[in-house]
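*Asks:* Going down the list, the protein sequences come from chains A, B and L. Residue numbering for the first sequence follows numbering that gives the first Met the number 0, beginning at 0 and increasing consecutively. Residue numbering for the second sequence follows numbering that gives the first Met the number 0, beginning at 0 and increasing consecutively. Residue numbering for the third sequence follows numbering that gives the first Met the number 0, beginning at 0 and increasing consecutively.
If you're looking for bench data, these hints aren't it; they were derived computationally from the structure. Careful, some of the hints might be misleading.
[To be verified] Below are the DSBU-like pairs computed for lysine-lysine, each with C-alpha atoms no more than 30 Å apart in a straight line:
1. B:Lys260 to A:Lys284
2. A:Lys283 to A:Lys270
3. A:Lys337 to A:Lys283
4. B:Lys392 to A:Lys318
5. B:Lys293 to A:Lys349
6. B:Lys260 to B:Lys293
7. B:Lys388 to A:Lys349
8. A:Lys369 to B:Lys293
9. A:Lys284 to B:Lys181
10. A:Lys283 to B:Lys54
11. L:Lys216 to L:Lys51
12. B:Lys292 to A:Lys318
13. A:Lys327 to A:Lys307
14. B:Lys104 to B:Lys89
15. B:Lys388 to A:Lys283
16. A:Lys349 to B:Lys417
17. A:Lys327 to B:Lys392
18. A:Lys318 to B:Lys293
19. B:Lys292 to B:Lys181
20. B:Lys292 to A:Lys349
[What the hints assert, rightly or not] Stretch by stretch, here's where chain L covers chain A in the computed footprint (C-beta under 8 Å, at least three residues):
21. 107-118
22. 134-146
[To be verified] Here are the simulated distance ranges between beta carbons:
23. A:Ala139 to B:Pro383: 22 to 28 Å
24. A:Leu14 to L:Thr622: 22 to 28 Å
25. A:Ile20 to L:Leu266: 42 to 48 Å
26. L:Trp43 to A:Leu14: 45 to 51 Å
27. A:Ala354 to B:Glu346: 43 to 49 Å
28. A:Arg222 to L:Pro334: 51 to 57 Å
29. L:Val339 to B:Tyr85: 35 to 41 Å
30. L:Leu266 to B:Asn398: 34 to 40 Å
31. B:Gly268 to A:Glu353: 49 to 55 Å
32. L:Pro643 to A:Phe173: 48 to 54 Å
Please read all numbers here as calculations on a predicted model, not as lab measurements. All C-beta atoms in this analysis are idealised placements derived from N, C-alpha and C, irrespective of residue type, glycine included.
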Amino acid sequence: MITPGSKYFFGLTGLSLIAAILYLVLVNPTDLGAVALFGLATSGALIGVMASFTRDGDVYTDEEAVAANAAAGPPSFWPIVFALGAALVLTGLATVSVVFVLGIAVLIGGGVEWSIQNWADGASSDREFNEFARARAISAIEYPGLAAVGLGVIAFFFSRVFLALSKESGTIFFIVVAAAIFVIGVLIASKSFMKGAVTVVVAVLAVVALVGVGTFAALSGERHELAIAAEEDYYDASHRECGEEESEHYDHLANNTVSLRSAVTATIFVKDGKVYAEAIGMTKKVDTITIPRSNATSVMFRNLDEEKHRLVVNLGSAKVGETGVAEKVGTCTQLTGKNQEQVMTLTIPKPATEAEPYSFTVPGATGEIKLVVP
Amino acid sequence: MSHSVSPHSSEKAMDIVNNVKSSSHRIRNSIATVIGIVALAGCATNAPQDTWQPKGDNAQVINNLQWIIFPMAGVVGVLVLGFYAYTIYKYKDRGQPIPSQSHGKPVVEIILTIIPALILTVVGVFTFRGIFELANTEDTEMVINVTGQQWWWEYDYPAQDDQGITQPIISSGQLVIPVGTKVLLRETSRDVIHSYWIPALNGKKDAVPGRINLLRLQADKPGIFAGQCTEFCGLSHANMRMEAIALSKEDFAKWVANQQKDYTSPAAGSLANEGEGVFLNQCIRCHQVNGLKKADGTPALAAPDENVYSGAAPNLSHLMSRNTFAGAKFDLLRKSCRSDVWEASSETIGAKYLAGVSESCLNATDLRAWLRNAPAMKPMYADPTKLVKSGGKYRGMPNLGLTETDIDKLVAYLLTLK
Amino acid sequence: MSTNELTLTPSQSPGLVKSPLSISPSGSLGAVRRPVNTTGWREWLFTVDHKKIGIMYGCVAFVFFIVGGVEALFIRLQLALPDGRILSADKYNQMFTMHGTTMIFLFAMPMAAAFANYFLPLQIGARDVAFPRLNALSFWLFVSGGLILNASWFLGGAADGGWFMYAPNSGPVFSPSNGVDFWVLGLQIAGIASLIGSINLIVTVLNMRAPGMTLMKMPVFTWMILVVQFLLVFSLPVITVALVLLMFQRSYGATFFDVSQGADPLLWQHLFWIFGHPEVYVLILPGFGIISEVLPTFSRKPLFGYPFVVFSGASIGLVGFGVWAHHMFASGLGPVSVAVFSMATMAIAIPTGVKIFNWILTMWGGKIWYSVAMKFAIGLVVLFTIGGLSGVTHAVAPSDTQQTDTYYIVAHFHYVLVGGMMFGLFSGFYYWWPKVFGKMLNEKLGNWNFWLMLIGMNLTFGPMHILGLQGQPRRMYIWTEARAGEGFFNFGFWNLVSSIGSFVLAVGVLFFIINVIKTARNPERAPLDPWDARTLEWLTTSPPKVYNFDRIPVVHHLDEFFHRKYVEDETTHTMTQIATCEDLMRAEEAAADTGIHLPGPSYWPLLLAIGVAVLGMGVIYGTPIMVVGALVVLFSSFGWVLEPSVPEPIDFDSPSTDGHTKEIAPLG
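Please construct the entire structure, taking both the sequences and the accompanying hints into account.
*Replies:* What follows is the structure in structure tokens.
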């Protein structure tokens, strides 16, 4: 069962084990070194076992047939693909990492195909049979792989077009393309006989057009508003505007329903311009809410008023960095409409003091709820 | 041709004889053991966390249910197992022929299905009532916020005028409540799930981070009731304890007044004053004492959020008004003084508890050992070299490397926190 | 042969697959040629025979049983006295977590799988399960999962969050060592094993029963196993989801259970217990199935109320999915949920009670032989009744809020698991040992085994009821005098009794091991039908031939085998024996099938399991290892698919006239 090929790998295993042990004993071991050597040993063992299971990938052959076959091996483009992969890898190392990754993929794909081709060629002297054996072994990877690559290409170039066009022209483009595909499809389907070549030509033209348009779109870059959005985060806390008015970005597409109901410690309402609160376990309304320090606690805000409001929590002030200027600390919810609610989750590390009390307020309504952090 | 199948060898026959004699006794022995055990349990022990000794209304509701379901289960068990023992005795192989191959009697089956269903329905009705009774919060008279953290409990009493609490009180370890008052605990946690359980007063309720869970407590008479965290919460789960102290309404008012007293700095030049200095140097990083001021007169604010992963450490204001520390694992009182409180009658416990911890009663050994090397006393994650996963923050009190003189000063200072 | 011709002669010289190739896959793609029957260790490593797999499951499960048992003994040593110093807090937390996990996932479920694998095909008159290579994969995945789980002891500490590993304590901050990662991976792999096995057995039961065996003529053991497989199919995916979420949180920075990011810790509890509750029925129903065979056999009467037993088993399985939150009565669900689950939990006591009554009434009016197997079966009924009644006391939710997380609960589930499940398994050992190994386990040693286990078990877990009611919580590495109570019968007394009992129980298990060794050395063979049994697995040799039955039996009755031996007079109701097992076997062999095809052995399940294990380790130790594991998995899957469905012909001939069974074993 220990085939000749697997012996090399078992040898590698043995040597790397010895090396690993020596390394641990003699050298001051680092994690990386020990892991690498043991990893090498394990890989060697594993590959050796697999090699012996598959008898070195050996396909029994008829020696005569091999001899007869030796001179006339069929042509194959996989070695070229492999070489292309190697070239891409080296190029990628020198330039962009995308090329490097692409090169690795091509290398692996080409290498696998080349090996299977070689193995199948040795199965017998009959090329048809060899092709059958090759297909049997690798089709299950080839077809899905090609499909994935094809779909990836289509999706990528299609998406570049949409990222470049504005929203309106993107819609028009989509309708036009979809209509074109539909019309061509109907034409092809309605013909009772269509030469295979015609459909292939149409498909190739379509792909070429897509790739061309897509490349052009990619090179012209994304449309303006996306580019800006990527640079600034409008939902960042520093952009939060906690006043009475609607903020263009922070209140854009505000959430207005809350799915999590059971995990709030208290609910603050605003009704008829006045603020009041109820807390879990308290039977009457409360004017003070207590939140333990450093504990992530949620407070619900429900707007029962006609106008839109938001809830603001005031957490005293803090000195900002080097300038020493005291800046107000706090946060707020988005603007909420009538009978709608939002949740605010607070983790307050410092306690409230007499000098710096905490409170909840609603801009545009009267009253405040005190917030005690003991 | 008829055979009756008999055992193949005389050895097997002997085995049968032996087995038969012993097996009928076996069942009786098992049953007797079980009944005996249950009976013996009653004659124990006054274990502090006994679940069959209710000392308040809520625990009484549960106990009433226990007195329905346990005897019922016992009676059913005795009947079923008794019948079984009889069967085993009566039908052992004494040479009778192979019996008629009866496949069952559906009528018997149905009756035997209906009877348990009826019994359980009755139990179900009582259970239903009990569940809703214990979940009622409409009649709450006092609210206390309870926060669990690895491995101690924090209590804060929000201002409630009708209970005489004008400013929030913060405490830990021992929960003080007035007698005969419907207290509602609003439980949460800062880190993992804990569970608050004082068996004498009610069943347990988990303290879940991000949620508020409610638990009713009410004590009939003044007393001290033991409890323990009962949801596995990590390394020192077994050391996370608490006690509830019920005081008469007058005593409770005195306790509240004491908790709301202002902080007084120890006399200048005293050992305690130097201890205050040590405190401001070391302990203030995590522990807060309300009213304590720094040398320049500004309030000294503790910063456990910077040093402790879960963001808080016990507030030590009025430390000596409690008599446990370190998550109620250790006593502040020496053994004899502590037994005094623990075994006091309901009339005297108020005065004894309110006396707090005096110098003569202080358990200096444990307190000093704690200050010297806390992780050695209670397993915690406080080794500075192993705090990567918690971002360099402690999970528990570290070994501060205090000198013996520092400890002397600190102990003297802590004694002034009455 | 010229290069242009293709000769289509089938391979006639096995072993020399060098010359003319046929188009048939067999022998052509030599790299993935199937192994042939070999002897020795390779016979076991590459087998797909359900009987060998069953035996392997049993052996490995028993080893893990000992491991879990030793963990339990450490726990009891630590708790025997106050302020115990045997284990540190950290080690104790690891010990109880691993004890629970090992006993449930690495002992109980695989041991039930051992019985199911061995006996289910035999009981339904089949020659093997529906997917033999998948069967082997289940076993090797279980071994991988078990090894990964226990590797944690040597690689930085085992998991220490309790066997139900509540979040957020299981998160990366609160459980910083790799222990929980090993736990998560080991259980995912073992879960895949069980899931694959369950699909396999469901298909087997539904499709491969002997002619004439309707579902209501199946033995009860088969029925209970079928219900268990359905429970697994629906509950394992839920815990797999939970484990995947936890794995992503611990290893890849997800925040599924991170409260500061808005998570609710109760999500883990719900996911876990939706699996966890059906899981306990998965644990107990095989034991119920086993004693439903043992009790009738040794009472010489059929099971009382077969349809009721079957339907109550199915309804326990079904209603079992509706009671999970009774593990969460103290978690803050709200009174409405608590009330609903409390009522549902009481409801589930009813079908369980039905079974108990049926077992007792089976014995009523019988002719009872108290062999060791029978004693264990009776022990199950008694101890499960006690455990079940304590369970009813915590169906009452307010009462449960006093009992949950105390030793009272520990007592309850150990009574139903040790007294119920384990006694059922031991009953199965003694009952079926002659069939599997051809020898009878010694009855005298068996008696010592039984009595020591019974007494030990009651001494260990009986006092825990009292300890729980006296207020000792569970999962505490230490208990102190301060909470122990006064008087003689306080924590100290009961903890000590319990610890002593655990060692008595251990000695009882030791007697079983001695019995096994002694039996192995004993040359005396067992008779074909030592217990005058009732079901089809006894219509075979001991041990059964590799193809199980000489011919597939045609089934006319429930307890078919018994009906072939005995006839009941309609009027007088007396039983007359018309044939012995030996008579029946002779008839079978005379009319045996020829040309029986059996699935051949295969490498790929083993390799695939190794690949999955490496993949799992890669989650903890780095993506490169994961890639290697993934490649091995991919490679093994391909090999599995491409290997020929039939190996070289290994048909089995009928016994020749001189009485020997001839096998054509082609290669050495």
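*Asks:* Decide if the proposed pair is consistent with the structure: Lys260 (chain B) and Lys284 (chain A), CA atoms, cutoff 30 Å inclusive.
*Replies:* It holds: about 28 Å lies between the C-alpha atoms, which stays within 30 Å.
*Asks:* Can the restraint linking Lys388 (chain B) and Lys349 (chain A) be considered satisfied, given a maximum Cα separation of 30 Å?
*Replies:* holds (23 Å)
*Asks:* Does Lys293 (chain B) lie within 30 Å of Lys260 (chain B) when you go C-alpha to C-alpha?
*Replies:* holds (19 Å)
*Asks:* Next pair to validate is Lys327 (chain A) with Lys307 (chain A); report whether the Cα-Cα distance is within 30 Å.
*Replies:* holds (24 Å)
*Asks:* Check whether the Cα positions of Lys284 (chain A) and Lys181 (chain B) lie no farther apart than 30 Å.
*Replies:* Roughly 18 Å between the alpha carbons, so the hint for Lys284 (chain A) and Lys181 (chain B) holds.
*Asks:* Given the hint that Lys283 (chain A) pairs with Lys54 (chain B), test it: the Cα-Cα distance must not exceed 30 Å.
*Replies:* holds (29 Å)
*Asks:* Are Leu14 (chain A) and Thr622 (chain L) spaced within 22 to 28 Å by their CB atoms?
*Replies:* holds (26 Å)
*Asks:* Check whether the Cα positions of Lys292 (chain B) and Lys181 (chain B) lie no farther apart than 30 Å.
*Replies:* violated (37 Å)
*Asks:* Go ahead and decide if the range 49 to 55 Å is satisfied by the Cβ distance of Gly268 (chain B) to Glu353 (chain A).
*Replies:* violated (30 Å)
*Asks:* Would you mind confirming whether the straight-line C-alpha gap from Lys292 (chain B) to Lys349 (chain A) stays at or under 30 Å?
*Replies:* Status holds; Cα separation ~17 Å.
*Asks:* Go ahead and decide if the range 42 to 48 Å is satisfied by the Cβ distance of Ile20 (chain A) to Leu266 (chain L).
*Replies:* holds (46 Å)
*Asks:* Check the hint pairing Lys337 (chain A) with Lys283 (chain A) against an upper bound of 30 Å on the C-alpha distance.
*Replies:* holds (24 Å)
Checked against the numbered hints listed earlier, the structure breaks hints 15, 19, 21, 23, 26, 31; every other hint is satisfied.
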